[in-house]
Amino acid sequence: MVEQRGEVDDNYSIEDWFLRAQELVPIAINKAKEEVKGFSGRWKVIVSKIEQIPTCLSDLSSHPCFSKNALCKEQLQAVSKTLEEAIHLAELCAKESYEGKLRMQSDLDALSGKLDLNLRDCRLLIKTGVLGESTFPLGMSNDMKQGNDLRELFARLQVGDLEAKHRAIDSLIEAMKEEEKSVMAVVGRSQIASLVQLLTATCTRMREKAVTVICCLAESENCENWLLSEGVLPSLIRLIESGSAIGREKAAICLQRLSMSEESAQEIVEHGGVRPMIELCHNGDSVSQSVAACSLKNISVVPELRLALAQEGIVTTMINLLDHGIVPGSKESASECLQNLTSSNENLRRSVISEGGAKSLLAYLDSPLPQESAVTALRNLVGSIGEQDLISLGLLPRLMHVLNSGSPGAQQAAVSVICRVLTSLDMKKMVAEAGVIPPLIKMLEAKPNAMRELAAQAVASLMTVTQNRREVRRNDMSVPNLVQLLDPSPQNTAKKYAISCLCSLSSSRKCKKLMIAYGAIGYLKKLKEMDIPGAKMLLDRLERGKLRCLFTRK
Numbered sequence: 001m002v003e004q005r006g007e008v009d010d011n012y013s014i015e016d017w018f019l020r021a022q023e024l025v026p027i028a029i030n031k032a033k034e035e036v037k038g039f040s041g042r043w044k045v046i047v048s049k050i051e052q053i054p055t056c057l058s059d060l061s062s063h064p065c066f067s068k069n070a071l072c073k074e075q076l077q078a079v080s081k082t083l084e085e086a087i088h089l090a091e092l093c094a095k096e097s098y099e100g101k102l103r104m105q106s107d108l109d110a111l112s113g114k115l116d117l118n119l120r121d122c123r124l125l126i127k128t129g130v131l132g133e134s135t136f137p138l139g140m141s142n143d144m145k146q147g148n149d150l151r152e153l154f155a156r157l158q159v160g161d162l163e164a165k166h167r168a169i170d171s172l173i174e175a176m177k178e179e180e181k182s183v184m185a186v187v188g189r190s191q192i193a194s195l196v197q198l199l200t201a202t203c204t205r206m207r208e209k210a211v212t213v214i215c216c217l218a219e220s221e222n223c224e225n226w227l228l229s230e231g232v233l234p235s236l237i238r239l240i241e242s243g244s245a246i247g248r249e250k251a252a253i254c255l256q257r258l259s260m261s262e263e264s265a266q267e268i269v270e271h272g273g274v275r276p277m278i279e280l281c282h283n284g285d286s287v288s289q290s291v292a293a294c295s296l297k298n299i300s301v302v303p304e305l306r307l308a309l310a311q312e313g314i315v316t317t318m319i320n321l322l323d324h325g326i327v328p329g330s331k332e333s334a335s336e337c338l339q340n341l342t343s344s345n346e347n348l349r350r351s352v353i354s355e356g357g358a359k360s361l362l363a364y365l366d367s368p369l370p371q372e373s374a375v376t377a378l379r380n381l382v383g384s385i386g387e388q389d390l391i392s393l394g395l396l397p398r399l400m401h402v403l404n405s406g407s408p409g410a411q412q413a414a415v416s417v418i419c420r421v422l423t424s425l426d427m428k429k430m431v432a433e434a435g436v437i438p439p440l441i442k443m444l445e446a447k448p449n450a451m452r453e454l455a456a457q458a459v460a461s462l463m464t465v466t467q468n469r470r471e472v473r474r475n476d477m478s479v480p481n482l483v484q485l486l487d488p489s490p491q492n493t494a495k496k497y498a499i500s501c502l503c504s505l506s507s508s509r510k511c512k513k514l515m516i517a518y519g520a521i522g523y524l525k526k527l528k529e530m531d532i533p534g535a536k537m538l539l540d541r542l543e544r545g546k547l548r549c550l551f552t553r554k
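Going by UniProt numbering, the final residue of the sequence shown carries number 554, and the count climbs one at a time with no gaps.
If you are wondering where the hints come from, they were derived from the structure by calculation, not from laboratory data.
Please note: incorrect hints may appear among the correct ones.
[Stated by the list, open to error] Listed below are the simulated PhoX-like cross-link pairs for lysine-lysine, each with C-alpha atoms no more than 25 Å apart in a straight line:
{"id": "1", "residue 1": "K177", "residue 2": "K95"}
{"id": "2", "residue 1": "K73", "residue 2": "K95"}
{"id": "3", "residue 1": "K510", "residue 2": "K525"}
{"id": "4", "residue 1": "K33", "residue 2": "K95"}
{"id": "5", "residue 1": "K49", "residue 2": "K114"}
Take these sequences, add in the hints, and give me the full structure.
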C-alpha cells in the first residue's frame, strides 16, 4: 500500500508513483464533491479537471518508454503533488478553516492552473514524441549519452512549470557555449517549435533566453527552414517592438540572419517588421542599429519590396544613418541599401535626391576606405540629377579620392560614374582637369576585364577633346597599355575602345612607332580578320608608317 500524504519515500519507483496518483484521484474527487462548503463554481471546474487525470495516466503508462524515462516519473510526482494540494484545500473548505475568502479563491484558481498544466504536460509527453526523443537504450556510447542528455533538455522546455523550464534553458545555453556542434546535432523540428513557443512566454527573462538560443540556431540552414516554418518571424518582430533591451537586440540579430532569403524578407514585410527596425535605426544602441540597418539592406535587395520600404520612410532613415550612424557597419549598410533602392526605380532616385541623399553619399566618400556601394549609388543618380549639380556638390575631388585610395570595386564604380558624366565637351574638360587621366591609364592594366573596359571607355571619351588627347599622348604608359588591350581573345571586351584611342594617337609619329614596337600590327591583323570596327583602318595607318620608316632607313 502506498503511504499517505506527507509520508512519501524518496525511493519510490515510477510504478509506485503511478499507483499513488491513481489512489489520490478518487479521494480528491470525493472530498471536493461531498465535503467542501462554498466556492461551488470553482470546485466544480476543479473536479472536472481531476476526472480527466485517470485517462491521461492510463495513456502515459501504456507508452513504450514509460518506465525508462525520468520525465514520466517527474510528471507523476507533479500530478500527485497537485492532487494532494486539492485534498488539502478541500479539507480546509470543509472545515471552513481558511484564512480568508479572497485568499482561498486565489488558492483555488492556482490549483486549477496547476491541473491544467499537469493535463497539458501529460498529453504533450504522449502525443509529441518527447518521451522517445529523450530516451535511449542502456549501453550507449558517451556521444550517445551526451545526445540523450541534450534531447532531455529540449524535452524539459516543453513540460513542467516556469521554474523547471528556466533550469532547462539555462543548461541548454551553457551546453551551446561549451559544445555547440553537439547541440546542433540533436536539434529537430519539435525542439525548434518548443523554443519558438517560449518567445511568447509571459516572463521577460524566459523570452530573452529563448531568443539567445534561437540566435545561434539561425546560423544553420536546416534550422533556418524549421524556424520559418514554425512561425518565428512574428514573435521576433513583437520582441523588437516591446521586448527588453536584450530581447530587442537578440531578436534584431535573428532577423538579420533570417532576412537574407527572399522568402523571409517578404514575410518580414508582411508581418510589419519594417517599422520596428526603422525605429531601431533611429533609437537603438550600436549593435541594434547596425543589425537593423543590415536587415533593411537585405530586404531592399528584393525589387518588389522596395516600395513598401519607401512607404515606411526607409530613404530618410538610411540618409540619416549615413550622416549620423553610430558605427561604420551602420553607415555601410545604409550605403548599400541606397544603392539597391536607386538601382531601377526612378521615383526612388528622385526621393533620395530630394532628401539630400547625393550630398550624404558624397560626404561618405571622404572616409578613409570609401565603399563601392556609395559610388554605385551615385552612379545610379547620374541622369536624375544634373552633372553640374553633382560637380557643385564636390563630385570630382571625391572621385579622385576613390581612384587613388578606394578598393578595386569602389574604383571600378568610380570609373563608371566618370563614363556617365562625360556628356559634353565642357564636362570632359572639367573631368580631365580634375586629374583623372593618369589613374585611368593605370587602370588599363587592371586584371578584372570589366575595369579595363570601363577605363578604356572613359579614356576614349575624354580623348575627343584636343587638350585631353595631348595629355594621354604625353603619358608614357598610354600606348603600351592600350596596345595590350588589342588582345583578340573573347574575354577582352575593351578592344573597340583601345582601337578608338590608338586611332586618335596615330597622328603622332612617335606614338605610331611605339604601337609597332609593342606588337600592335600582329594584334590588328587578327582583329581585322574578326571584322572588329576600326581595326583595318588603324592597321593601314601603321603599315604605311612602317613602310615609310623602312624607306627612310634605306
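Indices of hints not satisfied (ascending): Structure breaks hints 1 and 2.
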